[in-house]
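Peer 1: With the sequences and hints as input, model every part of the structure.
Given next are the chains, with one letter for each unit.
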Amino acid sequence: MHDIQELNHVCVQDLIDRQLPEGGWSFSSPTTQSAIEPTALALLALPSSSVRERDAAVRFLLRSQTANGSWPVFSGDDAGGSGLTGLVFFALNRCCAQEMVTNRAVQWLIESRGWESHWLWKWKFRTSDRHVRFDPDKFGWPWMPETGSWVVPTAYSLLALKHARGISQQDLAQLRIRRGVEMLYDRICPEGGWNAGNGVVYGFPLAPHADATALALLSLSSEPPNNFITASVDWLERRAETCFAPWSLAWTILALDAFGRPTVLLTDRLSSVVDNAEVNDCATLAVVSLALRSAARDNAFRVAHET
Amino acid sequence: MKLDRRTFLTASLGLAVGASTTALLNRPKYRVTRRRPRSRVAILRAESYSHNLESILHSGLELFHLDLRGKTVLLKPNLVDYIAGNHINTHPLLVCAAVECFRRLGAKNLLVGEGPGHQRDTELVLLESGFSEELRQLKVPFVDLNRDELAATPLLATYTGMNRIWLPRTVLEADFVVSMPKVKTHHWSGVTLSMKNMFGVVPGAKYGWPKNILHWRGIQESILDVCATVPVHFVIADAIVAMEGNGPLNGHPRPLNRIVLADDPVAADATCARLMGLDPTRITHVRIGARFLGNVSTERIDQFAEAVCVPANAFEMVPEFQDLRVTDSPERQP
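Residue numbers (numbering that gives the first Met the number 0), protein chains in the order written: chain A, 0 to 306; chain B, 0 to 333.
By construction, these hints were calculated from the structure, which means they are not laboratory data. Cβ coordinates follow ideal geometry from the N, Cα and C atoms, glycine included. There may be inaccurate statements among the hints.
Claimed, not checked - Pair ranges (Cβ atoms, derived):
hint : chain 1 : residue 1 : chain 2 : residue 2 : range
1    : B       : Glu172    : A       : Asn102    : 36 to 44 Å
2    : A       : Gly75     : B       : Arg30     : 18 to 26 Å
3    : B       : Gly160    : A       : Gly75     : 16 to 24 Å
4    : A       : Asp274    : B       : Asp174    : 32 to 40 Å
Peer 2: Right, here's the structure in full:
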């Protein structure tokens with residue numbers, strides 16, 4: 000069995016081997032359609048010594064930015080924008096490649112919002128459609144334009160805006176950050192943690208998801224401690240005890256590490272899981288690498304906690 | 000009444016506008032017709048999830064004389080999420096039985112594919128619901144349709160108002176698509192059967208979790224557009240333990256001890272609805288689907304194996320869908 004850093008080196012090499020000629024990564028190895036999420040996560044995972052690969056990834060992401068400042072989901076996608084825009088902006092920011100994209104991307108992030116914030120939908124959700132428990136005044140970001148807010152794109156967007164440097168519309172950005180944070184607290188599951196979106200549907204509490212919870216917590220890690228956050232970190236720690244899926248386990252490690260909870264046993268388990276089975280999905284491989292790297296006090300998302 | 004030229008022209012223009020509007024409104028919203036004169040449905044008895052399912056399923060499939068030689072077959076189970084103790088997914092043993100049966104029928108390539116609608120971590124759903132191990136033993140590949148390579152595809156129906164949709168290449172390149180739903184109630188669409196199950200081919204990477212654009216464009220409308228565009232060649236519905244109440248995630252298990260096979264998704268869903276004590280013609284997407292996707296009327300369905308038994312107590316439904324329940328039926332069991 001590899002030790003953790005050795006295993007991370009194997010993961011990184013595997014990522015490098017799977018990089019497509021245009022600089023991006025597809026989700027799964029046999030396909031050649033570059034996708035934005037694995038590319039942004041791979042960029043975060045590559046060490047600074049992988050200069051050529053990082054440069055190619057940055058160039059691919061810069062080429063992929065649409066005219067309105069957002070990022071699509073994959074090469075050839077429609078140009079309306081996606082909920083991954085925040086992740087790409089965060090990744091470019093962490094790799095010090097944000098200058099060329101800042102203003103347009105921030106403008107798009109400020110303007111993009113879940114459709115429940117529209118007066119007509121607010122009215123609908125307050126009068127005729129009350130099966131889902133949420134406050135439409137507290138909105139975040141959607142997966143795609145003209146749809147509602149969801150936890151993961153909101154978390155990605157919060158990470159981006161909270162760490163954007165030198166932006167011209169600081170007040171508006173702060174306003175959107177506050178709305179997004181309020182939205183996450185509003186949609187939290189009753190036992191802590193987050194499902195894909197709402198916490199209660201038809202009066203029934205939904206079960207949280209480990210990956211959505213971890214991402215939400217990473218985006219909230221610079222917020223003052225409160226009961227929502229504590230309950231969610233506690234829930235995630237309990238859930239981790241029985242989690243063996245690499246994607247969820249890796250995100251869990253990153254979040255628990257950002258909140259100073261012990262992750263040694265979880266990292267050992269993740270190592271064991273990925274050492275014994277090939278990880279075919281490049282996005283998962285990148286998050287696994289990020290989680291393994293966090294064992295060496297290098298958590299790419301911990302920056303959120305420190306600022 | 001005196002009809003002068005001006006009045007005549009005005010009236011003619013009004014009539015023309017009215018006729019054009021009516022024609023536009025009445026124009027079919029589908030560009031494909033898959034409904035055949037007759038459909039075939041078989042209801043098989045299966046008491047439990049066991050390794051006997053393969054022989055039960057094989058005997059049922061023989062009734063359909065399927066020729067799958069040289070074909071790529073995609074099995075599309077319903078894997079939404081994993082919640083311990085809740086029967087929310089198509090059972091892995093039924094999917095494995097289908098894999099073995101289709102291999103015996105000569106399929107060239109067999110794939111299992113799904114894009115879970117709630118849970119982003121597909122591998123977690125596979126691991127925790129027992130699919131990973133079963134599929135590994137059978138050496139059958141699984142494709143995460145949420146993260147597959149995508150191609151823009153024109154929609155063959157326009158109930159949502161969308162013109163095209165991005166779909167996974169695995170689905171577009173399959174010769175024979177088998178929808179394998181878990182028979183459940185659904186708090187947004189009434190039921191989730193073989194037609195609603197096709198939401199799973201819509202890629203989450205593009206449309207989000209859940210497939211949010213489809214919810215905002217209308218679930219019933221989206222089901223029709225997706226089913227028009229991605230043909231369902233065969234249905235194997237898991238009604239051994241179904242779900243009633245607040246489905247698709249938080250309902251109660253309801254044993255029906257049946258597997259429903261069909262060569263028509265509308266006929267399959269109509270039959271499943273009848274087994275649930277529901278009137279299929281009150282389910283919007285089944286009723287409209289009967290115009291162009293398949294048959295809902297029992298007169299157009301050739302029924303094999305067991306007959307439809309309407310339960311004494313119809314499935315529990317959320318309040319909005321109480322009207323789907325059949326309140327008085329001569330076919331009802333004592």
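Peer 1: Using the C-beta atoms of B:Gly160 and A:Gly75, is the stated range 16 to 24 Å upheld?
Peer 2: holds, 23 Å
Peer 1: For the pair A:Gly75 and B:Arg30, does the Cβ-Cβ distance stay inside 18 to 26 Å?
Peer 2: Holds, at about 24 Å.
Peer 1: Could you check the hint for me, namely that A:Asp274 and B:Asp174 are 32 to 40 Å apart, CB to CB?
Peer 2: For A:Asp274 and B:Asp174 the Cβ distance comes to about 38 Å; the hint holds.
Peer 1: Holds or violated: 36 to 44 Å for the Cβ distance of B:Glu172 and A:Asn102?
Peer 2: The hinted range 36 to 44 Å holds for B:Glu172 and A:Asn102, with Cβ atoms some 42 Å apart.
Checked against the numbered hints above, the structure breaks none of them.
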